[in-house]
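Given these sequences and hints, build the entire structure.
Chains as they are written, first to last, in the working numbering: chain A, 1 to 348; chain B, 1001 to 1665.
Keep in mind that the hints were calculated from the coordinates and are not lab data. Cβ atoms here follow ideal geometry from the backbone N, Cα and C, with glycine treated the same way. Misleading hints may appear alongside valid ones.
[Unchecked claim] Simulated restraints on C-beta separations: (1) B/K1323 - A/A18: 21 to 31 Å; (2) A/F156 - B/Q1322: 48 to 58 Å; (3) B/A1440 - A/L29: 50 to 60 Å.
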Amino acid sequence: MALMNITSPHAHGPRKTATLMRVVVITTLPGLFALTWFFGWGNLINVVWCSIIALAAEALVLLIRKRPLAFYLKDYSALVTGVLLGLALPPLAPWWVSLVAVAFAIIIAKHLYGGMGYNPFNPAMVGFALVLISFPVAMTTSWAAPASLLENPMSFFETLGTIFGFGSQAIDAFTMATPLDIYKHEIGHSIAQDVTQNPVFGAYVAHGWEWVNLAFLAGGLFLLIKKVFTWHTPVSMLIALTIMSLAFGWDADQATPPLLHLFAGATMLGAFYIATDPVTSAVSPQGKIIYGAGIGILTYVIRAYGSYPDAIAFAVLLMNFAAPLIDTYTQPRTYGYAKAKRGAKEAE
Amino acid sequence: MKKIWDFHGGIHPKENKDQSNQSAITDAGIPPQLIVPLQQHIGQQAELVVSVGDKVLKGQLIADAHGPVSVAVHAPSSGTITAIEEHEVPHPSGMSDLCVFIETDGKDEWCELSPCEDYSTLTPAEILGKVRSAGIAGMGGAGFPTEIKLRPPREDKVNTLILNAAECEPYITSDDRLMRERAEEVILGLEIMAYVLQPNECLIGIEDNKPEAIEALREAAKETQIDIVVIPTKYPSGGEKQLIKVLTGKEVPSGRIPADISVMCQNVATSTAVYRAVRFGEPLISRVTTLTGDCIANKGNQQVLIGTPVSWLLEKNGYLNQKGSRLVMGGPMMGFTLDQTNIPTVKTSNCILAASPKELPQPDSAMACIRCGMCSEVCPAELLPQQLYWFAKGQEFEKAEHHNLFDCIECGACSYVCPSSIPLVQYYRYAKGEVKQIKADLEKSNQARERFEFRQERIEREKEEKEAKRKARSEAAAKAQAAKKAAAEAEAKESKEGTAEPSQAPVTAKAEVSPAPEVTLESLQKKLLMAEDKLSKMEAAWKDAQENNPERAEKLAIAVESSKANVKKFTLQITELGGGASDTPAGPSLEELESNLEKTKGKLQLILNTLEDAKQNHPDRVEKLERAVAKNHTRVASAELALREASEQQSKQQASKLEPTESKG
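Okay, structure coming up:
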């Protein structure tokens, strides 16, 4: 009689990590659609290109590490990294920039630290920060101008040519600094009313960007409702960013206003898709609140006082550093204890 | 409506209770053979009171409670004891334990019982005695002896008596059916326990997925003070600590028991057993067990005799074994698998779940933990299971303990929700086992160290005692000898001087003894060494004085001579005393003295040569060199003297050694 001897529990819930990863990828589609709609084919091409590199790099490392290919590729974690980088990188970033970012993310930031679940830093953001520091020109001049502001928007093949370097387009005609960048640089010698005359700011907050952010917000809220992650990190991050920009940037004639902070950069993508990466974040609810708030504060500080137009990547990486420390001091109170334990050792 | 609280986390697995709770409890029947384990609970094994070949009646005591935490065992049916031996018992490890095998005769003949119409005529102590002799153990899970539980330690007053009717595990419906059909027994049992404990309130906590049972209990409890509290269905609300939190808002402190916060939980089935024990005098010999799972055709609840083999039950109810199926005793969350079916049911067997591979599929291979945190969201103990897993895997047991590993109740909620299919509970069991082992080892090594230190101390002490004894003995011996000698002297004196004044004897003895201590070789050698030391010092002083203080030098020369005489005297004495000197060289040997002389002469010659040279070339050095010459002259002289003396001594020694040989010859 073949009876199995397995320890309890015998029942298992329906959730699977691979399913979660797939859901994450699927919920980025509205954001991707908005990006393509407003800024041309660049991000779509990037997402596909980055995904291919991510899967290839993952497969390569798995082969070298002698791990079963199918088992690990099926968890979709590499795909998530690829997709997120494809969404985060400038739409017209040259192909080699994406290649370096994704390959570094998968090979160095993920697998050299032990692979899925063991990486202390968010791989996508490590890749992003690497290319941002290494190729600042490509990373700041490859942002596509909103298609509706161009007389002749780039066709799909023209975009492909621009990215892979076989076209003859004068790329400058199709690119533009990001609204965050423009506002930051122009408010120093102008007033809000004049700055926002720039068509890049559009009718509401920032032409196109507001829709992109709303789309990511929608996707993120869907994940939240589906309990893929908890509210703690994204909500605390957005609140911290809002409070910071209200406290230091309340005067739109002096600094970037809160709405622009929330809806003009990679804020929503960062809040719901980057900061919520469970591997590299704090674990307890209280820890997640501190972690998220830290990202929000750092994002504002780097955006306002740093030389980079956006700051999600650096803010996330810095808080990745802090996550283990936060964990140490945010153990929840266990049932049957008067208060929570704090610190690494029991105070005796 | 009573206020209720919520506990952290919890899950809502598929209940799967409909398969078994639709029909009334049936009688499972009497199997041809009963296998009754002597230990069905924590604590000590019951002590046998029967032997092989004995005829037993239904309800007859076959093993009595032995020790403080122990439960009596009774024959579940009438028959003959055919064997008493080791057999597999229901345990996650599949271990064996001592069991009584009873071949049933089918008559199911009761032994004599002592019923009691009205429990209020009994004292609480008498009721506890009945509960103890009925062999009742908690029927919900761990099987802790009920009588002991009803006697809370440290005089803690139980303010809240809770009847746990939550039955939160999927599939299990034995309590549900019991409450529907025997609500009066449940309520009466609770009243008896309340009579013993005198609590302020009596609560029955029941999940809202059992409306029929709730209705039946309400009906039965109409005339009583018992409060039936309906709580939301959420696993593991039936966990003791969780139920207490839900019903009272209080938490059992870590490492303590509910009695410490004046609360007590009892199980529904235990309550009916208490009632039957007091009312009818019936011992606990059967229980309601749920038979369910897709591999069983006849699902439902049955009144099963303790000791009924699972195989017999399965066979009787249409068991269909499928490849990869699991046979679980208990529920799918906390039950354990049986790897064979020839295992008896016991007092805690509330469910036998024969699940098809479709119902309880084989777990997927575990993937990496991505710390998604779903486990910590569902943990009813509010732990961080993902961190505990990390520490258990990395064998960082101290950290795991710091993260309250031992507050884990192993409910399995974390494993249930883990999207990476990691068998988390297994890791915690492993870590707990390791920590316990480490602690036991530490305890052991501490004991060993203490033992070692104690032994060292003892040896040291014995040594000292021995030493002290030896000293005392030698002192006593010396005294005795002295006394003897004195006596001998006195006697000698007496014999010499005729009659001496007796009072004078001790005085003379003293005078005689003290100036004539025994002249030993040792003391002589010591004296010789001292004399030699003095001689060398005197010689050095003399040499020094010769240069600076001629007057003193003369005196010193005399001292040197007397010292030399001393040395000679002692050396002589030693040789006289018996050849000791020849073995222990008293001074430098002849050869050494000779070479010393040669060296000194050589040096003198060298200095003389240098002096000649200096006289011609370095007049300033002449004076110094002349002084050195003089010094070396004396050295040569003393070396010659030493050599002469030594050779004289040697010839003397040889002569003295030769004497006896000559006399012999």
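Legend entry - Non-conforming hints, listed in increasing numerical order: Per hint list: zero violations.
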